[in-house]
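J.: Chain by chain, the residues:
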Amino acid sequence: MARSIVSEIKRDHIHKLIADGKRVDGRAWDEFRNITIQTNVVETAEGSSRVKIGNTEVIVGVKMSVGEPFSDTPNRGVLSTNAELIPMASPTFESGPPDENSIELARVVDRGIRESQMIDLEKLCIEPGKKVWINFVDIYVLDFDGNLFDACSLGAVAAIKSAVVPAAANGLGEDYPMPITCTPVSVTSVQIENSILVDPTLDEEKVAAARLTVTTDDNGDLRAMQKGLRGALTLEQVKTSIETSRRLGSEIRKLIG
Amino acid sequence: MGGNSDMKLIDENGIRIDGRKVDELRPIKIEAGVLKSADGSAYVEIGKNKVLAAVYGPRECHPRHMQNPAKAIVQCKYNMISFSVSDRKRPGPDRRSVEISKLISEAMDYVVFTENYPRTSIDVYIEVLQANAGTRCAGLTAAAVALADAGIPMKDIIPAVAVGKVNDQVVLDLNKEEDNYGQADLPIAIIPRTGEVLLLQMDGHLTQEEFDKALDMGVKACQEIYELQKDALRRRYAIVNGEDEAKDEDQEMPEEA
Numbered sequence: 001m002a003r004s005i006v007s008e009i010k011r012d013h014i015h016k017l018i019a020d021g022k023r024v025d026g027r028a029w030d031e032f033r034n035i036t037i038q039t040n041v042v043e044t045a046e047g048s049s050r051v052k053i054g055n056t057e058v059i060v061g062v063k064m065s066v067g068e069p070f071s072d073t074p075n076r077g078v079l080s081t082n083a084e085l086i087p088m089a090s091p092t093f094e095s096g097p098p099d100e101n102s103i104e105l106a107r108v109v110d111r112g113i114r115e116s117q118m119i120d121l122e123k124l125c126i127e128p129g130k131k132v133w134i135n136f137v138d139i140y141v142l143d144f145d146g147n148l149f150d151a152c153s154l155g156a157v158a159a160i161k162s163a164v165v166p167a168a169a170n171g172l173g174e175d176y177p178m179p180i181t182c183t184p185v186s187v188t189s190v191q192i193e194n195s196i197l198v199d200p201t202l203d204e205e206k207v208a209a210a211r212l213t214v215t216t217d218d219n220g221d222l223r224a225m226q227k228g229l230r231g232a233l234t235l236e237q238v239k240t241s242i243e244t245s246r247r248l249g250s251e252i253r254k255l256i257g
Numbered sequence: 001m002g003g004n005s006d007m008k009l010i011d012e013n014g015i016r017i018d019g020r021k022v023d024e025l026r027p028i029k030i031e032a033g034v035l036k037s038a039d040g041s042a043y044v045e046i047g048k049n050k051v052l053a054a055v056y057g058p059r060e061c062h063p064r065h066m067q068n069p070a071k072a073i074v075q076c077k078y079n080m081i082s083f084s085v086s087d088r089k090r091p092g093p094d095r096r097s098v099e100i101s102k103l104i105s106e107a108m109d110y111v112v113f114t115e116n117y118p119r120t121s122i123d124v125y126i127e128v129l130q131a132n133a134g135t136r137c138a139g140l141t142a143a144a145v146a147l148a149d150a151g152i153p154m155k156d157i158i159p160a161v162a163v164g165k166v167n168d169q170v171v172l173d174l175n176k177e178e179d180n181y182g183q184a185d186l187p188i189a190i191i192p193r194t195g196e197v198l199l200l201q202m203d204g205h206l207t208q209e210e211f212d213k214a215l216d217m218g219v220k221a222c223q224e225i226y227e228l229q230k231d232a233l234r235r236r237y238a239i240v241n242g243e244d245e246a247k248d249e250d251q252e253m254p255e256e257a
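For the record, the sequence lines run as chains A and B. Per our numbering, residue 1 is the first one in the first sequence, and the count goes up by one each step. Per our numbering, residue 1 is the first one in the second sequence, and the count goes up by one each step.
All the pointers check out, no bait thrown in.
With a Cα cut of at most 27 angstroms, we get these calculated DSSO-like pairs of lysine-lysine:
no., chain 1, residue 1, chain 2, residue 2
1, B, 89, A, 161
2, B, 155, B, 102
3, A, 131, B, 89
4, A, 52, B, 29
5, B, 89, A, 123
6, A, 52, B, 89
7, A, 52, B, 48
8, B, 8, B, 213
9, A, 130, B, 89
10, A, 22, B, 36
11, A, 52, B, 36
12, B, 213, B, 176
Simulated from the structure, these hints should not be mistaken for lab results.
Based on the sequences and whatever the hints tell you, model everything.
T.: Below, the structure is given as structure tokens:
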């Protein structure tokens, strides 16, 4: 994310604590901050959620309309995921068109949803080649304190799960729930001083060498991954992150319900 | 104004479709200090409107050429999130939001003691999460509380409300149906202590008599909202004190030992 400056003293502090086996907020390496998930927070959206992971907060809405399918997938609905890093959320975010950070963020969230086939897009086909449901998943970051990948994924998944297809308003019969096949959960870890820490805070992200986001499905199978930041991970560290993601993923999946 | 004034929006007993009397506000909820990253913030619900406001600053003004060597500039960005309305709004500013941002900036500039902070910028971000007529007033109401929460010296807190005309009657605080099918819309904001008008717009059709009545109704309602704004700020700082006290109790004070 936005790589703003971090003071030497803070960097040293975080590093020293980690060398002693501690984190700034006292969490264990594989412990998430407190997660809260609210759904149906915006009536004007077909589905919506507001998710907090610690002090990081996002709001996600799903808007659906009838449109044309892509020519190579004539019998499937369309999914479009968009993330806005609005200046409300952080002194380092600026208004304007999406920058590389928000594009990466939206694409990683999108990949988890798309590759897990969470939404049964074939059930969102109305008339093959002509009419399908277009899904816009719009993510707005409201308060930024690290780990946007997981907050946004969680928000998007919760919003999609709560969505109701607005068939009646479009003259297509009765409304029905969004066709869902599974619940993908992303878990992000960072490497600092060769330790793998899950759910990094903003300060931890700023001093981290590398980041790995792993999205798993209900079976604990891997559906999407993204390594980020400029540092490297050892194979061992990759395996640790994946193991943590699978284990914590199933816990978090229960919260989404 | 939508035009179809035949639509019955007020019944024989002077009761509106949402059960209100003509001079009654929608239920209002105001909360101060809701975001961690921002210097000041507020959340406002007015009926089905849900609005967040955040304040950053006074901080270094970018771009530099906008700096004023004698005072701070107040820059407001009003934005509706894509799923806040029934048809998805394309993310980013449009002509309407640019105009609203300008009016709100100007209104706030007048009450802030900008001369205390030369060369800086006070940035105010308003995000409409759910829209149901009167979002600029809800936004300004929230922004004023956020400014106070940020500890920025001001002449007063600004409340705002819209008055309108529906079925040939002057009514307070239009809801979406009344806004769509009403005959006039008149958003106003005042400085409660002096009664000076800070924001005034109008569209539709009002006679002089109706305008006077509307203005009177609006000013009275602003005073009501002002009390709720002050109350939100009191609650915000009462909570902080309460927490501090609670913490003190938890700690074993050396004096007591």
